[in-house]
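2 protein chains.
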Amino acid sequence: MSEVAEKVIGGDVRAVARLIRDIDDGMPGVRQVLKELYPSTGNAYILGITGAPGVGKSTLVDQIVNHLRKRDKTVGVLAVDPTSPFSGGAILGDRVRMQRHSLDEGVFIRSLATRGHFGGLTQSTRSAIDVLDAMGKDYIIVETVGVGQDEVDVVKSAHTTIITVIPGMGDDIQAIKAGILEIGDIFLINKADREGTDKTLSDLRLMINMDHKKYEEGNWKPPILKAQAVFDIGVKELLEEIDKHNRYLTEFSGERQVRRREDKVRQELGDMVKNRLIEEVLDKITGTGEFDKAVESIVEGKTDPYTACDNLVLPAIGVPTG
Amino acid sequence: MSEVAEKVIGGDVRAVARLIRDIDDGMPGVRQVLKELYPSTGNAYILGITGAPGVGKSTLVDQIVNHLRKRDKTVGVLAVDPTSPFSGGAILGDRVRMQRHSLDEGVFIRSLATRGHFGGLTQSTRSAIDVLDAMGKDYIIVETVGVGQDEVDVVKSAHTTIITVIPGMGDDIQAIKAGILEIGDIFLINKADREGTDKTLSDLRLMINMDHKKYEEGNWKPPILKAQAVFDIGVKELLEEIDKHNRYLTEFSGERQVRRREDKVRQELGDMVKNRLIEEVLDKITGTGEFDKAVESIVEGKTDPYTACDNLVLPAIGVPTG
Chain X
1 MSEVAEKVIG GDVRAVARLI RDIDDGMPGV RQVLKELYPS TGNAYILGIT GAPGVGKSTL
61 VDQIVNHLRK RDKTVGVLAV DPTSPFSGGA ILGDRVRMQR HSLDEGVFIR SLATRGHFGG
121 LTQSTRSAID VLDAMGKDYI IVETVGVGQD EVDVVKSAHT TIITVIPGMG DDIQAIKAGI
181 LEIGDIFLIN KADREGTDKT LSDLRLMINM DHKKYEEGNW KPPILKAQAV FDIGVKELLE
241 EIDKHNRYLT EFSGERQVRR REDKVRQELG DMVKNRLIEE VLDKITGTGE FDKAVESIVE
301 GKTDPYTACD NLVLPAIGVP TG
Chain A
1 MSEVAEKVIG GDVRAVARLI RDIDDGMPGV RQVLKELYPS TGNAYILGIT GAPGVGKSTL
61 VDQIVNHLRK RDKTVGVLAV DPTSPFSGGA ILGDRVRMQR HSLDEGVFIR SLATRGHFGG
121 LTQSTRSAID VLDAMGKDYI IVETVGVGQD EVDVVKSAHT TIITVIPGMG DDIQAIKAGI
181 LEIGDIFLIN KADREGTDKT LSDLRLMINM DHKKYEEGNW KPPILKAQAV FDIGVKELLE
241 EIDKHNRYLT EFSGERQVRR REDKVRQELG DMVKNRLIEE VLDKITGTGE FDKAVESIVE
301 GKTDPYTACD NLVLPAIGVP TG
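Just so you know, the protein sequences line up as chains X and A, in that order. Each residue of the first sequence is one higher than the one before, counting from 1 in my numbering. Each residue of the second sequence is one higher than the one before, counting from 1 in my numbering.
Hints listed in this document are in silico derivations from the structure and should not be mistaken for laboratory results. We put the beta carbon where it would ideally sit given N, CA and C, even for glycine. Any given hint could turn out to be false.
Said to hold, decoys possible - Just some of the chain X residues that point at chain A, by a computed CB distance under 10 Å:
| no. | residue |
| --- | --- |
| 1 | V4 |
| 2 | T41 |
| 3 | E268 |
| 4 | M272 |
| 5 | P305 |
| 6 | C309 |
Claimed, not checked - For lysine to any residue, the following SDA-like pairs were computed, each having C-alpha atoms within a straight-line distance of at most 25 Å:
| no. | chain 1 | residue 1 | chain 2 | residue 2 |
| --- | --- | --- | --- | --- |
| 7 | X | K7 | A | D304 |
| 8 | X | K264 | A | S297 |
| 9 | A | K156 | X | T286 |
| 10 | X | K199 | X | K236 |
Using the sequences plus the hints, can you model the full thing?
Put into structure tokens, the structure is as follows:
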């Protein structure tokens with residue numbers, strides 16, 4: 001085993017930080033380390049926190065970390081939300097909010113920017129989760145803004161996904177689209193002292209009940225909670241629901257649990273294959289003089305991009321054009 | 001030329017609607033039609049409208065359409081925002097807002113869901129823009145929520161991109177991350193009767209001025225406008241800035257304009273090659289018994305996904321494993 005992998009498993013914060021940065025930068029060397037870490041993963045409980053910008057996700061994460069620390073649980077936080085103050089994405093934001101945890105060795109916080117390489121966000125986040133898992137963190141919290149397929153895919157890796165909304169953000173429950181609704185295990189109405197809370201509550205209840213068939217065979221029915229994260233109101237109750245969902249998952253009948261695990265592995269391996277493919281082949285195609293010539297032809301109006309694409313891709317994978 | 005392509009160029013609304021649906025569903029047959037349409041594209045002016053959920057993008061789009069119609073311009077609208085009421089994404093939203101344009105033949109509105117196939121959002125939107133362009137629309141408005149790489153890529157196709165924010169959505173200017181800031185040609189503070197407008201204005205100004213170097217050589221400096229789209233306040237001024245930006249683009253010196261066009265073609269062809277590659281090769285890999293066996297091995301703990309991925313991808317593209 002490499003020194004890096006050993007250090008990560010030993011909980012060396014510097015080694016972990018460097019490895020996550022390398023993952024985020026798409027360094028090819030990380031793949032070997034991740035192979036070595038993999039057998040040490042599978043022990044952390046992964047929480048996904050998602051919601052539109054402005055719903056107070058970072059404050060909520062901060063409070064959850066606090067509660068988990070009181071239970072003596074170690075926590076890793078990954079901010080993959082481009083609007084999160086943790087990730088440095090919010091230009092003039094309050095980046096100091098989490099500083100009360102910055103001297104706590106039981107908490108490790110990192111953000112992922114991950115725009116540099118293909119398939120970046122989902123792949124890097126999954127790898128970073130593996131690293132924090134191998135490092136021995138009891139809980140890993142992944143914060144995402146939950147809009148865009150990448151971000152939805154990210155929270156699919158979570159054991160429990162919490163969808164955060166606030167009352168009165170518009171005419172309707174903003175930022176809850178079909179895809180996001182389906183992945184919600186718990187719904188949380190934050191800033192629940194605001195006008196419109198009851199309407200948001202009943203709207204959410206309606207949406208969940210529309211799906212009632214899903215809950216017939218003893219499936220988990222997402223609870224809807226109210227909170228004011230900034231005053232630590234409702235966070236304890238949220239933790240209790242997370243525990244309940246955790247118990248529900250472990251009480252899955254054996255067959256079902258295997259199927260769930262298989263689905264997850266299938267999805268993750270498929271994504272990884274896709275990203276790898278791009279990484280290995282795309283550079284070869286776009287780096288050739290053929291590609292430059294094709295660009296020129298399109299600019300000069302001699303060909304269209306659809307035909308040019310056929311002529312570049314098909315020979316590279318052994319399919320005859322024409 | 002195929003009948004479909006002829007009908008689209010002739011402005012047949014049904015043919016256009018069916019073609020866009022086929023594009024959205026990732027039907028392979030559309031590629032031939034798009035090749036035929038391509039020579040008829042390049043005439044429309046493309047507007048990108050982006051901003052976080054709840055900033056009032058749809059109302060703004062509605063008003064812009066109204067102003068353009070008064071100038072006798074035809075308009076196509078593509079909603080690629082999962083939270084937009086146009087796209088049916090907002091569950092209990094106001095979907096009727098745009099109905100005043102629904103009987104106007106000069107306006108064509110479609111939403112793109114595009115989750116079915118790889119690289120979907122960007123690719124489908126670009127193709128749908130080509131279709132509305134070939135159909136003869138003077139303006140094409142693309143509405144996106146602007147979070148996630150896909151959505152950023154989408155508005156890169158626009159001639160003028162308008163970034164919409166509202167005051168007081170949080171501690172800071174939410175949903176404006178570095179990547180989004182860079183693509184903004186015009187900034188619009190909507191709901192500008194709200195408290196905090198002046199602060200948002202000065203924050204935006206600060207951010208834009210931080211980039212001051214960019215504006216030295218006569219480059220476009222994004223103006224910041226205030227509006228209350230719901231009362232049609234500030235929309236006329238927005239249209240004037242769009243005209244100004246349009247003039248700026250056409251007054252580009254020749255060399256510069258060619259470079260800009262080349263960059264765009266290069267980016268779009270690169271994306272298209274990537275998507276095509278995935279479409280052609282990924283199915284072959286994930287459809288094999290080898291893939292199923294790999295999933296099983298991972299579930300049983302006999303291998304890790306990183307190694308399994310190597311073993312699937314590398315032989316498929318002629319690279320020795322090990």
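Given V4(X) as an interface hint, is its Cβ closer than 10 Å to any Cβ of chain A?
14 Å, violated
A closest beta-carbon separation below 10 Å is what the hint needs, so does C309(X) meet it against chain A?
5 Å, holds
Keeping to a limit of 25 Å between CA atoms, is the pair of K199(X) and K236(X) held or broken?
23 Å, holds
Is the interface hint satisfied for T41(X)? The criterion is a beta-carbon contact with chain A at less than 10 Å.
9 Å, holds
Hinted pair K7(X) and D304(A), Cα distance within 25 Å:
Holds, because 20 Å separates the two Cα atoms, which is no more than 25 Å.
Holds or violated: the hint that P305(X) contacts chain A, with Cβ atoms closer than 10 Å.
5 Å, holds
Agreement of hint E268(X) with chain A interface, Cβ distance less than 10 Å:
Cβ of E268(X) sits 6 Å from chain A, so the hint holds.
Can the restraint linking K264(X) and S297(A) be considered satisfied, given a maximum Cα separation of 25 Å?
Distance ~13 Å between K264(X) and S297(A) Cα, so the pair holds.
Hint check: is the beta carbon of M272(X) less than 10 Å from a beta carbon of chain A?
5 Å, holds
Holds or violated: K156(A) with T286(X), Cα cutoff 25 Å?
20 Å, holds
Of the numbered hints given earlier, the model fails hint 1 alone.
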